[in-house]
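Undergrad: Chain by chain, the residues:
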Amino acid sequence: MRLLEKGDEDLPFVCSRGAAQVEYLRVHAAAAHAADMSRTYVLLGPPGGPELIGFYAICMGRITSTDLPENKGKKLTQTAAPAALLAQLARDDRTDKGLGATLVLDALERIAGLADQIGCCGTFLHAQVPRLVDFYQDIGFRRIGKSDAAHPLLWMSMKDIRATFAQEALDAASEDLSTA
Amino acid sequence: MATAIQFAYPMPNRQLTNAGRAGGSASYMRLVATTVECAPNGCEVVLGSSDYAEFQQLLQEPPQVIPGLAALLRQRRQHR
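Protein chains in written order, with the numbering used here: chain C, 1 to 180; chain U, 1001 to 1080.
Treat the hints as calculated values from the structure; they're not laboratory data. Mixed in with the good hints there might be a few duds.
[Unchecked claim] Chain U is faced by these chain C residues, among others (derived, beta-carbon under 8 Å):
#1 L85
#2 F135
#3 I139
#4 R142
#5 S157
#6 E168
[Claimed, not checked] Anything over 12 Å on all C-beta distances counts as not near chain U; from chain C, calculated:
#7 L3
#8 C15
#9 P46
#10 E51
#11 A81
#12 D116
Glycine residues also receive a C-beta, built at the ideal position from the N, C-alpha and C atoms.
Excised from the complex, chain C in its bound form (with noise of 0.2 Å):
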């Protein structure tokens, strides 16, 4: 996993049910990383199948209420909540399903470490076809809200993320000592 070069854009990449991440990396990914809107980090695949195989982009975003009355917005934390946006996430269709949480696990990671020098409370994203929603839940993310809304927002918390990985650390260097 890297970040996008220059040349990325114009790889071959089949989504038939992301369009507008195809679009994204096709037009507009180069631009928003000048202009430091975004960060897109690609995933390129083995000799012998397609170049590019996924790739998704990170940015900065906050959560917010617009409409908190005002001795109930005194009684919550913040008003506003730092947090990193998964703003695009595909892989080609020629690959395994499972890359997609590859991909997300990616993501988290290098979240959970930008998060440890700025504030950031977690992570959320916009499921953009409700088959998503569960893919998304299925890991971890966690939906705010009742509504239907046509893209719910899903969020992670980092202090969850944070006590996911440290949990895995310990099973790993468990793992490596009994083996030892």
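Use these hints to put chain U onto chain C, whose structure you have.
TA: The following block gives chain U in isolation, referenced to the frame of chain C:
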């Protein structure tokens, strides 16, 4: 209260073209062109007060291991 997703930079390409016809500045148009397409729904989410309270509740819960994410990490470790 229903969730309201605010489009932080809601100008689609069609309107961008119209802005160009109306004589919009090139630098402004470049800004909009790059900003709009970073994320289809914009980078800011504005919630209704009850949804925001629910969101704040999530932030205040004690840290917990996320089962799905933990399973992904375990799976990756076992395949290495």
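Undergrad: Per the stated criterion, does the least C-beta distance between L3(C) and chain U lie above 12 Å, as a non-interface residue requires?
TA: 15 Å, holds
Undergrad: Closer than 8 Å between Cβ atoms is the bar; does R142(C) clear it against chain U? Give me holds or violated.
TA: OK, holds: R142(C) within 8 Å of chain U, min 7 Å.
Undergrad: Hey, does P46(C) actually stay past 12 Å from chain U on C-beta?
TA: Answer for P46(C): holds, closest chain U Cβ roughly 15 Å.
Undergrad: Report holds if the minimum CB distance from D116(C) to chain U is greater than 12 Å, and violated otherwise.
TA: Since the minimum Cβ distance to chain U is about 15 Å, D116(C) lies beyond 12 Å and the statement holds.
Undergrad: A closest beta-carbon separation below 8 Å is what the hint needs, so does E168(C) meet it against chain U?
TA: Check passed: Cβ of E168(C) comes within 4 Å of chain U, closer than 8 Å.
Undergrad: Can I139(C) be said to touch chain U, with a Cβ gap under 8 Å?
TA: This hint holds: I139(C) lies near chain U, its Cβ roughly 4 Å from the closest one there, short of 8 Å.
Undergrad: Just double-check A81(C) for me: nearest Cβ-Cβ distance to chain U has to come out over 12 Å.
TA: It is violated; A81(C) is separated from chain U by about 7 Å at its closest Cβ, not greater than 12 Å.
Undergrad: At a threshold of 8 Å, is the proposed contact between F135(C) and chain U supported by beta-carbon distances?
TA: 10 Å, violated
Undergrad: With a cut-off of 8 Å, does the beta carbon of L85(C) approach a beta carbon of chain U closely enough for the hint to hold?
TA: 6 Å, holds
Undergrad: Minimum Cβ separation between E51(C) and chain U greater than 12 Å?
TA: 23 Å, holds
Undergrad: Does C15(C) clear chain U by more than 12 Å, comparing its Cβ with all Cβ atoms of that chain?
TA: Holds, because the least Cβ-Cβ distance between C15(C) and chain U comes to about 14 Å, which exceeds 12 Å.
Undergrad: With chain U as the partner, please determine if S157(C) meets the hint condition of a C-beta pair closer than 8 Å.
TA: Interface hint status for S157(C): holds (6 Å vs cutoff 8 Å).
Hint compliance for this structure: hints 2 and 11 are broken, all remaining hints hold.
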